[in-house]
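Peer 1: Residue strings, one per chain:
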Amino acid sequence: KQEVTQIPAALSVPEGENLVLNCSFTDSAIYNLQWFRQDPGKGLTSLLLIQSSQREQTSGRLNASLDKSSGRSTLYIAASQPGDSATYLCAVAGSQGNLIFGKGTKLSVKP
Amino acid sequence: GAGVSQTPSNKVTEKGKYVELRCDPISGHTALYWYRQSLGQGPEFLIYFQGTGAADDSGLPNDRFFAVRPEGSVSTLKIQRTERGDSAVYLCASSFYRNTEAFFGQGTRLTVV
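Respectively, the protein sequence lines represent chains A and B.
The first sequence begins at 26 in my numbering and counts up by one.
The second sequence begins at 51 in my numbering and counts up by one.
Some, not all, of what chain B presents toward chain A, calculated at C-beta under 10 Å: (1) Gly53; (2) Val54; (3) Gln56; (4) Gln91; (5) Gly92; (6) Phe95; (7) Ile97; (8) Tyr98; (9) Ala105; (10) Ser108; (11) Cys142; (12) Ser145; (13) Arg148.
Hint data in this document are derived by calculation from the structure and do not stem from the laboratory.
Glycine included, C-beta positions come from ideal geometry on N, C-alpha and C.
Kindly generate the complete structure, drawing on both the sequences and the hints.
Peer 2: Pasting the structure below:
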């Protein structure tokens, strides 16, 4: 059974810092991996999707990497801003496209 | 529509009652997923539709839960004889096809009192 773990559970950084969020999964037979952002009381916003054949994806200040063989992904956020404060969720896709999520990393960026 | 729409945004119901939650996916998206999220947890998969058919309902917790998508667009999640443990945020997502980028609605917060 696929399990997804995100470390750390919470992170507080000063504005301007670069930071890395970690995601690990137990079964390397995934179709893709997706990173989401969730603001309090809101739904999920898709940030980046990495296909299983890809190593990384970039969007603006965000860069996500995937090492399928070791079961790991990282989300790198450059020059963090207070508006980046949210919970970041990592999810891997099974054969039917259903996503298996970690519990998330709650990020707080202090001005 | 521009995004995935879920109604109602909040629902309070009494234990034992029947509820329906609606999801209107992005136009043209053939895949539709329902998830349930409890406080402090990531979303948990409930059911996946490809077109009108339920391709995978392995995440439904018991037979009180049922979902339909009769015309391959709007979906309704139905919960019978609600229990306090059903209280959670129910999220709907759609994608163009399975294993393509998933887009989520804002969720329905269900509270069973």
